[in-house]
Every structure is written in structure tokens, then in C-alpha cells.
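K.L.:
Residue numbers (UniProt numbering), protein chains in the order written: chain A, 1 to 356; chain B, 1 to 315; chain C, 1 to 366.
Treat the hints with care, since some could be wrong.
[Unchecked claim] With a straight-line cut-off of 25 Å between C-alpha atoms, the simulated BS3-like cross-links for lysine-lysine are:
#1 Lys75/C <-> Lys49/B
#2 Lys265/A <-> Lys280/C
#3 Lys100/A <-> Lys194/A
#4 Lys100/A <-> Lys139/B
#5 Lys96/A <-> Lys194/A
Don't read these hints as lab results, they were simulated from the structure.
Note that the structure is a prediction, hence the values are computed from the model and not measured.
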Amino acid sequence: MTTVDIPTQSTGREPTSNAAPVLSVRNLVKHFPVRSKGVIRRRVGEVHAVCDVSFDLMPHETLGLVGESGCGKTTTGRLVLNLVDATSGEITYAGKDLTKLSSGAMRPLRRDLQIVFQDPFASLDPRMTVNEIVAEPLRIHGLYGNSSDGQKKVRELLRQVGLNPEHGNRYAHEFSGGQRQRVGIARALALRPKVLVLDEPVSALDVSIQAGVINLLEDLQTELGLSFLFISHDLSVIRHIAHRVAVMYLGRIVETAPVEELFTKAAHPYTQALISAIPLPDPQKERTRQRVLLTGEVPSPVNPPSGCRFRTRCPKFANQLSENEKQKCVNELPALIDRGQGHQAACHFAEALKLV
Amino acid sequence: MTEPTTKAAAPSAGKPVATDPATGRVEREFTVKDRSQFQQTMRRFLRHKLAVGSLIVFLLLVLFAFVGPHLWKYQYTTITPDNSVPPSMKHPFGTDNLGHDMFAQVLRGLQQSIKVALSIALIATVGGTLWGTISGYYKGFVDNALMRFADLILTIPSLALAAALANNFSGSWWIIAIILGGLAAPYVGRVVRGMVLSIREREYVEAARALGASDIRIMLRHLVPNAFAVVVVNATLLVASGILAETSLSFLGFGVRPPDTSLGVLITLGQGAVNTRPWLFYFPGLFIILVALTVNFLGDGLRDALDPQQTRQRR
Amino acid sequence: MTVKTNIQLGRSESDPDVLLEVENLTVSFPTDDGVVNAVRGVSYQLRRGEAMGIVGESGSGKSVSSLAVMGLLPKSARVSGSIRFQGESLLGKSENQYAEIRGNKISMIFQDPLTSLNPVYTVGYQLAEAVLAHNDVSKQGAHDRAVELLRLVGIPFPEQRVSNYPHEMSGGMRQRVVIAIAMANNPDVIIADEPTTALDVTVQAQVLEALEAARAETGAALVLITHDLGVIAGHAERICVMYAGKLVEVGSIDDIFYRPRMPYALGLLGSLPRLDSSSKQRLTPITGAPPSLVNLPAGCPFTPRCPLAQDVCEENEPNLVATDSSAHLAACHFHEKLVGVSARQLFSTTSADPDLIDSADQEVAQ
Chain A
1 MTTVDIPTQS
11 TGREPTSNAA
21 PVLSVRNLVK
31 HFPVRSKGVI
41 RRRVGEVHAV
51 CDVSFDLMPH
61 ETLGLVGESG
71 CGKTTTGRLV
81 LNLVDATSGE
91 ITYAGKDLTK
101 LSSGAMRPLR
111 RDLQIVFQDP
121 FASLDPRMTV
131 NEIVAEPLRI
141 HGLYGNSSDG
151 QKKVRELLRQ
161 VGLNPEHGNR
171 YAHEFSGGQR
181 QRVGIARALA
191 LRPKVLVLDE
201 PVSALDVSIQ
211 AGVINLLEDL
221 QTELGLSFLF
231 ISHDLSVIRH
241 IAHRVAVMYL
251 GRIVETAPVE
261 ELFTKAAHPY
271 TQALISAIPL
281 PDPQKERTRQ
291 RVLLTGEVPS
301 PVNPPSGCRF
311 RTRCPKFANQ
321 LSENEKQKCV
331 NELPALIDRG
341 QGHQAACHFA
351 EALKLV
Chain B
1 MTEPTTKAAA
11 PSAGKPVATD
21 PATGRVEREF
31 TVKDRSQFQQ
41 TMRRFLRHKL
51 AVGSLIVFLL
61 LVLFAFVGPH
71 LWKYQYTTIT
81 PDNSVPPSMK
91 HPFGTDNLGH
101 DMFAQVLRGL
111 QQSIKVALSI
121 ALIATVGGTL
131 WGTISGYYKG
141 FVDNALMRFA
151 DLILTIPSLA
161 LAAALANNFS
171 GSWWIIAIIL
181 GGLAAPYVGR
191 VVRGMVLSIR
201 EREYVEAARA
211 LGASDIRIML
221 RHLVPNAFAV
231 VVVNATLLVA
241 SGILAETSLS
251 FLGFGVRPPD
261 TSLGVLITLG
271 QGAVNTRPWL
281 FYFPGLFIIL
291 VALTVNFLGD
301 GLRDALDPQQ
311 TRQRR
Chain C
1 MTVKTNIQLG
11 RSESDPDVLL
21 EVENLTVSFP
31 TDDGVVNAVR
41 GVSYQLRRGE
51 AMGIVGESGS
61 GKSVSSLAVM
71 GLLPKSARVS
81 GSIRFQGESL
91 LGKSENQYAE
101 IRGNKISMIF
111 QDPLTSLNPV
121 YTVGYQLAEA
131 VLAHNDVSKQ
141 GAHDRAVELL
151 RLVGIPFPEQ
161 RVSNYPHEMS
171 GGMRQRVVIA
181 IAMANNPDVI
191 IADEPTTALD
201 VTVQAQVLEA
211 LEAARAETGA
221 ALVLITHDLG
231 VIAGHAERIC
241 VMYAGKLVEV
251 GSIDDIFYRP
261 RMPYALGLLG
271 SLPRLDSSSK
281 QRLTPITGAP
291 PSLVNLPAGC
301 PFTPRCPLAQ
311 DVCEENEPNL
321 VATDSSAHLA
331 ACHFHEKLVG
341 VSARQLFSTT
351 SADPDLIDSA
361 DQEVAQ
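Chain A with its partners taken away, still in its complex shape:
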């Protein structure tokens, strides 16, 4: 098996080091109110969807945001685009704090920050043709120009995402999932954004089609110098496409590291469990691999556990720690501690483990 020494072939997709981040998120918090049923909808609690999340997105970088459903990764993506109002925290883009902008002041910035959605069947308006869908962003921002200009731009966009512009007059439902996702990408690219939030862009696609869309995203990053915030639950895709990974659990980032570092030296027990829970498409390896199995399921984000949020499912907490050590997990919130080379883990008893 290959070790850490990755051949650094120049794909043109390496992030520019030492540059200032394109987008920077600090102490982002989002709580959704939970209301009682009935006429007077009293506020009875809060869903702690995103808690104290901080990260930087570098130019030309793909930052993978990984976690299971309900971990807050999708909400984080929406927050970054100001589609959901943050409870507190800062999102800095181009020197401006997005959380403080009015929707009018936000509009010009939307050209730079775009999103591709998970479900290619839900994210395209069924009453519009593909041409109309791709032209929509140009029209909104007054870039469509006269009709022959606009049509040329739309054709060029469709070509760029690997679609035949001749099919632009069809309705989206006539296309396969992969082609629809390409239309979604073309729409996001129409405004020439700098940052693309990709919310599970390939999760809904069939395996054989997934690869083409992943390749397309890689090509676009090279050609257009995009920065990706790549949200996914699929660690295999993340390992392939991301430069850096942040793992989220119950609203918090529990571990963040450069991609190879994370997969070869996973330090947080949750990351370890996540990696080892993914079945490998290789029968021989699958039969012999080491596993970190989790018990139970994710607790409710309305009432998260005290101290370390992962402790209720943590195999280390259950099997290896002494009573004193357990007390620390119950009482103290573990901070993200730097383990060198940009590798941070939020675990009091972090230990690197190679699982694949």
C-alpha cells in the first residue's frame, strides 16, 4: 500500500500556499428554534445545528466537509452563502462579513459565491428548458445581453460542462441524472464564481456516472481557478477530490487535516470509525481490515451531550478509558488541538490510526 509520500504530479489543482484565504469562517453558530405544537407556538428549545465552526478556504483549494446526516454540514454550506441567517459568528469574503450584509448588498457578491445541489431532480425547475435554466443567472444579473449574445453564452456554458448545446431546448426531466447535474453546474458557473459550494454533488448519481461529474469538477477547478467547499458523506469521493478535509459531528468540527494526513493518521475516534465503516469495493481487503465499530446512533442536536459530544458513541470512551479520564470527556469540551502539519483533532485522547 502506498504511504504518505504521494507523487506530487502537477495537476494544476494544488491550492496556492501562503496566500490569503478566499473565504474565512470564524466561530459560526446556527441554532434553529424548536417550537411547541398548537396555537401558541412557544419556543421550547433549540437545534444546535452548527456550533463554533471555523475554517479557511484557500484559493484553488477543495475543502471537504464530511459527516453523517444531521451533523450540520449542509447548514454550514447554506450559511456560507447567506441562504440561512447565522446566529452568530463571521463569514469573511472579500473583506466583508457576509452575516451582516442586507440581501441587497449581498446580491452582487452572489456572483462570486455559488452552489450546486445534491438532488439534480429537485434543483432544476421542471417548467423551464435547460437553456432557460442556464440563462436565468445571466438575466438576474443583467449579463444576458441581447438574445444572440445570451444564447451564445448559454451554449458556451453547456459545452463547458460537457453537454451538447443542441439539447438545450429540452426540459430537464428528459435528461439522465448525470446530465441534469451538469446543467446544475452550468447554472452555477454562469456568473463566473470564485467559490463553489458543492452540496453532495454526486451522491444522487449512479456509480458509472459519478466519475464523469467528478472529473468535470476537477477540470473546471483547473481551468477557472475555483475554490470548492465540497460537502459529502462519502469519504471515498472526498479522498479523491479534496485537498483538505474537515470532519463534522453533531455541529462541531472534530478533526481537520490535509487529505492524506487524515486518511493515514486519523486521530479522532469518530473519524476512525467513519473511515472503517465504509465498505471497500475490494473483497480481499474487506475481509481482513481492521474496524472501529460504533454503537448507538447520533444523539439529538436539541440536547447534545455535555463535554465531548461524541462520548456517547465513542468506542474509546466505552472500552479503554479509566473513570478519571471519562470524567474529563464528560466535563470538558475538547478543543481542536494542532498535531502538526495543519492536522487538528478535538479529542482529549487522540491517537493516530491507519485504517486503509
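Use these hints to put chains B and C onto chain A, whose structure you have.
P.N.:
Just chains B and C now, with coordinates in the frame of chain A:
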């Protein structure tokens, strides 16, 4: 069935194979004929025999009401020398005691009633769609205010209010249409709001917001077109209830007033003679039932045809 | 070729080990646009205690073929061919006769546990129902069995959980209850249709564990239907690969993963991003999309996506034939060309959609 290949099993084996003209290759991905949503809707609608029949009858009625008066030998105001004659070749629907030709009267009455009903449906639909879309899109305070106001209007017995209002204006048909349409709008608004509440959560609406689309653009480009099916179905049903509302109002004496006429007015005038000269009552009555029934069946057919849940599967 | 295939598959009456035998199964649905040929002549045998995987993409017919086995297809479906369970034909059985087999001899696990659990009864009641339906035991006995079943599938505190309603449980827990119900009557066959697709990976691992426990307990044969090659790799011994309503490759798990002989299977493996590889090599997608199953033209349905395609592929649809061993079958005219070939050698690392490539070719040609 011994051959495991598909050729024996596939009924399509005899059909011509489509080839892509550009590449000359056998087309495999788009073998289903390219059909617009309109075409699909049409196919589903045409399968609804009762609705197709109703559409034809309704169109004939409209033609009859608007073209008929120009062709028929009598005006509805003409007073003929024949008083109270039963239906005959000369007067197919008979005449009343003043010598009005009932056929001409029914033509005019039908025309007025359809005009009022269509206007009611149009006003209620446009107003209600606007109402419901704004309410559903903005949610929160706006929604609460608009919907409580809608509830308020819906608790008012609309016929009584319409009667009271119509009494203060001259009985011209468009006043009645505006009043009845306005009173029906909150009903449409509630239905549209329900649709909009679900549509606004769809990802394509979120995508539009991410692109920086304004609220008005989102409403006009995404919400209204996608709620269109419900709106259309409701509009047809409104035509039916519009006919009945106009009839009731005129019957009570608050709607269209003589010398102008409508189906409701004719019924009122004819009710006293139902035993002695039944043609004065039954012919207008028949047309009221015809219009209301055909429009209802039409609405049923449209609902089935426009229902996005409907698959292409045939039973 | 037909004859050859039949020899390969053999006749089963003499073989007592064969539990379920599906032969030349076709399922089609009439629609406005023509007939959808969802399953087009599928044949396989399931032996006692064996774990067989059926893998394919959406619309490949993998679920429909299993619903046909369970007699759960909608009324509009046209089914032909034969399905035999322990030598007894299932097709044409009445609903009552089917009920005898369903849940007793063959049980099924669906993707969404909520569709198979009744929300108004406790899980204990539903488990006891399943036990009582086919066994002569007391109510107390059935209740005890329910608790035992919940313990077997790894539900903590089964004595308390037994009185929970489905909505009080999480998705993974519910799916384990469904597995418990499926194994309640010691079935001979468990058909699991995408049992973990709706679940998170860590929960998926737990559910798969429960499925393994159920198999170990009952000794049932398993038909595992999934699109996830990783899940198949860990839980099946033999694999059928489905494409456009047909089996295109059948073989042992190692045959398919290490020696695929059908370009589709090879391409599928090559298009997967790998968790266990640090190389940032480009992926090799299979370009294009699966064919529409309406008005399917003659020839191999994989032709437009296949790098090996020749004229013969457009005309004749290949049958399953033996390749390197009699147990490894592939439906490809050129399966011999695939010996020792990697996906990278065969498929390109393009990112475009094929019709664009076609139109680009056209432009060059002009």
C-alpha cells in the same frame, strides 16, 4: 419461451429502430419520443372521455350563446305578437306572456350568465393567486395577516353580502362579477398558498435565491408556474360555482335585472308559471344544469391530466 | 448460444441444494410511450445458505426481478418465465398461496423500513404477529421470541424496546426490527433490497452486522440487492451484475472484482473513487447513460458506452457464456479481450458527456 434473449419477449422488436441522424448510431438513450409537458397533459386529458365530451359541449354552449343571437330571427327584447305559446317550430322554446321569444331570451341569458361566471373565475383566480403567492412566500407576519383576513371573508355568507352590495349599485353584470369574484378570491388564495408553501422549499427555489433572484422574480418565474395546475383546476370549478352564484343572486332579485336577462332572471320569471307554462322554467333550468355539469367534469379531467403525480403508466 | 446457456445453468430438479430457481424471467410494464422492458430474460439459481449479490444501477431491473420473486409487482406488470422455489412454481400462485411462502419461507427487507412497519402497532406486536402467523405458539411465547429476535439483531435493551412504536426508533434501529421480522420464521431465503441505502455509513455497518447475525441464526440464503460495490464485496459470495434488465456477468466475488469479463463490470470498478488509495489519478467514467428500457433496439444495450463495441454489438445481443471457468459467465462478444485489462487501459478519463464528443467529431469531420 425457450430463447433467453429479449427479442422474443420484447413486443417492440417489430418497430423501426431510431438512429441518431448526427452520428448514424442506434439511438438508445432517448428512445422515448420527445414530448413536451403540454403534450403529455393533452394525452392524459384526452383519455378522460367524460371531460373531453364536456369540453365539446361547453364550447358548443359558448358558441351558441355568443353567436346564436346574431343568427336568430328575434332579439331578446323583441316583443312578438304570440303570447304564451308553447314550443313550436316558430318559437322552439315557446314565448312568455308578453310575447318574448324564449329561445332568444335563453340565448341572451346564457350569454350573460357565462360572461359573469367567466369574469368571476378570472377575478378570483388572479386575485387569489396573488394573495396566496405573497402569503405563502413571505410566511410569518404577512402570511398571518393575509390568511386571517381571508378567514374573515370566508366566514361572511358571501351571497348575503353580494346581495347587499349589488343592491347599492345598478345591477350591471360586471359589478356582480367583481363582487362575487372578490369574495371567492380568498378561497383560491388558500389553495394557492398551500401549494406555494411546498414549492418554496424546493431546491430550485433555493437555487434561484442563491443566484440572487429578487422575490418578485422567484414568485413569477418559479412559484406561479409550478402552482399553475392547481390554479387552472380551481378556475374551472369556479366557473361552475360562478354560474350558480349568479343564478342565485339574480333569482333573489339582486343580480342582473330586467329588461336585461340572465338564466337566473329567467328562472325567477318562470317559476310562477312552472305548472301552467313549464317551458318558461325548464329551458333555462336545463341550461344552468348543462353548464354547471360540463364545467365540473372539465375540472375533474384537468385535475387528473395536470396532476404531476400521475405517471405515464397506463392501467 | 441459447443451448449453451441452458447447459451452463443446468436443470435443478435433481439438485436438492437449489432453493430458488429463476428462469428466463421477463417483466414488462405498459406505458403511454410503449412497453418498458424492466427485466429481460433473467435466469439464476440460489443454493441453500448461499449469499448472492445482485448489483446494478438504478433502472437495471434488480429490484423488479426480486419483487417478481416475492409476487409483489403491481397488477399492470406482465411477467413471464418461471420462478421455482424448492421445485414448486411460484408464478401463477394465488394471493393466499403466496402468503404461505412470503414471510415464512422467503422474506424480504426493503430500503425504507417505514414502508414495512405499521406505525400504529408496537414493534413487539408486529414481531409477535409475524411469529404467530406461521407458528403454533402461545402469546407469551411469541412475545419472548420477539425479545429474543430484537437481541439477535443487536438492539440494546430489547425488553424495553419491544414496546416501542416504530416512530420512537431511529432509522437504523427500525431497519434492524425489519430484519428481526424477516428472520422470525427461520426463512430459507432472505431478499434484502438496498437495505442500507437510506442509512449513514456508521449505521449501515451496524445494520449489515445485524443482517449477518440473522443469516448465521437462520442459515438462510441471502439475495443482497445493492448498487454499492463495497457492500457487495463484504457480504456476498457470488455476484450477478445487471444492466438494462439482463444479467451481464455472473461469477464468484473474486471473479467479478479481480477478473471482470464484461466491459460494464470493469468500467464500474474503474469509475469508483477509492478510499484505500492515495493516488490522485483521474477516474475513468463510463460515458453516457444507461439506455431507456422503452423500445429497446436490438443489439447489446451497452454498445453506445462500450469502448470495445463493434458492428456485431449493434446487431446481436450476446448471451451469458462461460469464460475462464464454468461458474464465471459474461455476456460480451469480446470477453476474451478483457483478460488482464485494467479499466484505465480501456476507458478514457474524460469529463465530457458522449453526445458532446459526437458533435465535436462531427465538427472536425466537416
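K.L.:
Run every hint past the structure and note whether it holds.
P.N.:
Quick rundown of the hints versus the structure:
Among the hinted pairs, Lys75/C with Lys49/B is consistent with the structure: their alpha-carbon atoms are about 23 Å apart, no more than 25 Å. For the proposed pair Lys265/A and Lys280/C, the alpha carbon gap of about 18 Å is at most 25 Å, so the pair holds. Taking the CA atoms of Lys100/A and Lys194/A, the gap is about 20 Å. The hint holds against a cut of 25 Å. Between the alpha carbons of Lys100/A and Lys139/B the distance comes to roughly 22 Å, so the proposed pair stays at or under 25 Å and holds.
A hinted pair counts as satisfied when its Cα atoms are at most 25 Å apart, and Lys96/A with Lys194/A qualifies at roughly 15 Å.
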